[in-house]
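Participant: Go by the hints and put chain B onto chain A.
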Amino acid sequence: MVIKLIGYAQSLPTRRVILTLNELGLSYELEAVTEIHTIKTDDFLANKHAFGKIPVLCDGDFKINESRAICRYLVSKYQKDAKIVLIPDDINKVSLIEQYISYELSYFDPPLTKILLQEVFNKRRGEPIDEAIVKQAREEIEKVLDVYEKILVGKDYLNGEYSLADLFHFPCAHYVCTDTQQGDIFDTRPNVKRWLDNLRNRDAYKKTYAE
Amino acid sequence: MTIRLIGYSASYPTLRVIICLKELGLPYELEPPASYQSLKDEDFIANKHPFGKMPVLFDGDFRITESRAICRYLASKYQGKHNDIILIPKDVHKAGLVDQFISYELSYYDPPLSKLVYQEKFAKKFFNKDPDPEIIKQAHEELAKVLDVYEKLLEGKEYLNGEYSLADLVLCPGTNYVYGAGHSDLWDNRPNVKNWWSRLCNRDANKKSFEEIKSFWENN
Numbered sequence: 226m227v228i229k230l231i232g233y234a235q236s237l238p239t240r241r242v243i244l245t246l247n248e249l250g251l252s253y254e255l256e257a258v259t260e261i262h263t264i265k266t267d268d269f270l271a272n273k274h275a276f277g278k279i280p281v282l283c284d285g286d287f288k289i290n291e292s293r294a295i296c297r298y299l300v301s302k303y304q305k306d307a308k309i310v311l312i313p314d315d316i317n318k319v320s321l322i323e324q325y326i327s328y329e330l331s332y333f334d335p336p337l338t339k340i341l342l343q344e345v346f347n348k349r350r351g352e353p354i355d356e357a358i359v360k361q362a363r364e365e366i367e368k369v370l371d372v373y374e375k376i377l378v379g380k381d382y383l384n385g386e387y388s389l390a391d392l393f394h395f396p397c398a399h400y401v402c403t404d405t406q407q408g409d410i411f412d413t414r415p416n417v418k419r420w421l422d423n424l425r426n427r428d429a430y431k432k433t434y435a436e
Numbered sequence: 089m090t091i092r093l094i095g096y097s098a099s100y101p102t103l104r105v106i107i108c109l110k111e112l113g114l115p116y117e118l119e120p121p122a123s124y125q126s127l128k129d130e131d132f133i134a135n136k137h138p139f140g141k142m143p144v145l146f147d148g149d150f151r152i153t154e155s156r157a158i159c160r161y162l163a164s165k166y167q168g169k170h171n172d173i174i175l176i177p178k179d180v181h182k183a184g185l186v187d188q189f190i191s192y193e194l195s196y197y198d199p200p201l202s203k204l205v206y207q208e209k210f211a212k213k214f215f216n217k218d219p220d221p222e223i224i225k226q227a228h229e230e231l232a233k234v235l236d237v238y239e240k241l242l243e244g245k246e247y248l249n250g251e252y253s254l255a256d257l258v259l260c261p262g263t264n265y266v267y268g269a270g271h272s273d274l275w276d277n278r279p280n281v282k283n284w285w286s287r288l289c290n291r292d293a294n295k296k297s298f299e300e301i302k303s304f305w306e307n308n
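Protein sequences, first through last, are from chains A and B. Numbering follows my numbering, with no gaps: position 58 of the first sequence is 283. Numbering follows my numbering, with no gaps: position 141 of the second sequence is 229.
One chain only, chain A, in its complex shape (with noise of 0.2 Å):
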């Protein structure tokens, strides 16, 4: 039975589970949604995902929602099959992975988020941007990548070989690259530079986004 996502490709968390179905080998059909009301209908609340958000995956009759679990589960069920590791055996080594994902969550994400809002989605909306906004989320953004900057000394990847936490991170840190005027923050950092260039060298990333 092949393995339905429900969800915006475009969409950030969308792209993390593509990135995973895509480094996984695995198909899958992506049912589209492109209009906000159509997941905060009662139905999707009470059948897809109880606080009306996407992604949404169905495989065969287990439903799951919210992009890191959803990967979390698709690594645990099929990365056997694969020729990847995304989240090794030992459990030292998986459990830096998952206090490399909190990192991406806690700190990573929420500065380059106020941006995109503001240079992305209100530009969109025809709204003004709010540059104080910008200015304050550059700045914090620029502290954690000093300190990303600093982990990732002597290593490709955040936990030395390649994970599921390098992964989460890149839909975000792309995103801010190639639709806002401030990707330099990435450039300005060599192991940082290197850090993302490799990613998006992988197969799966040009696959997802070349689609």
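To be clear, the hints were calculated from the coordinates, so they are not data collected in a lab. The reader is advised that the hints may include incorrect statements.
Some chain A residues near chain B, calculated using beta-carbon distances under 8 Å [claimed, not checked]:
1. E291
2. Q324
3. V372
4. Y430
All figures in this text were calculated on a predicted structure; none of them were measured in a lab. Beta carbons are placed, not taken as given, at the ideal position from N, Cα and C, and that holds for glycine.
Facilitator: Relative to the frame of chain A, chain B by itself:
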């Protein structure tokens, strides 16, 4: 070798790890930092947490940070060893749903809850700032909508994923604070949520952990 936990028991991410350690029957030593400011010292940042936060856990030489990652580590390594409490199920589908509920806590439950924790418990006492009634009102309303969803999620269930799991544990410390800070109606006005919270409060690990916190607040 003993597990060392660096943090203040009053800080609710640290309390999350304390509850987890107690649930799993693990002995540990709590090392409170000298002060909040000491978390930003070069030494702390280089050797404990690169973002200057707590908690930090040392298990022998192994160091790990971020409370939910620490809990996952402890569960993976020790669950079932000292007692039969299972925080992360073995079954891949059950584990997936536990992850999903942990994500709900992070994405929807914690944001308004943490605002209320800060405003009601920490703002005046630790940072000498008056609580902001607008922020409290807005966070209370946001959390009310989230708990309406939890009311449905808990229909016919004792815990979020049926059986007790890490998904329930992660929201205990913050909930305890906000419940006791004048917002108990949020949980008490919803029957499924009320029963669930009551069940959680009756767990030994929570009882012990909340007792420890009570004496902290009475003495500081």
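Participant: Can we keep the Q324(A) interface hint, with Cβ of chain B closer than 8 Å?
Facilitator: holds, 4 Å
Participant: Does the CB of Y430(A) sit less than 8 Å away from some CB of chain B?
Facilitator: This interface hint is violated because 23 Å lies over the 8 Å limit.
Participant: Does E291(A) hold up as a contact with chain B if the rule is Cβ-Cβ below 8 Å?
Facilitator: OK, holds: E291(A) within 8 Å of chain B, min 4 Å.
Participant: With chain B as the partner, please determine if V372(A) meets the hint condition of a C-beta pair closer than 8 Å.
Facilitator: holds, 5 Å
Consistency with the previously given hints fails for number 4 only.
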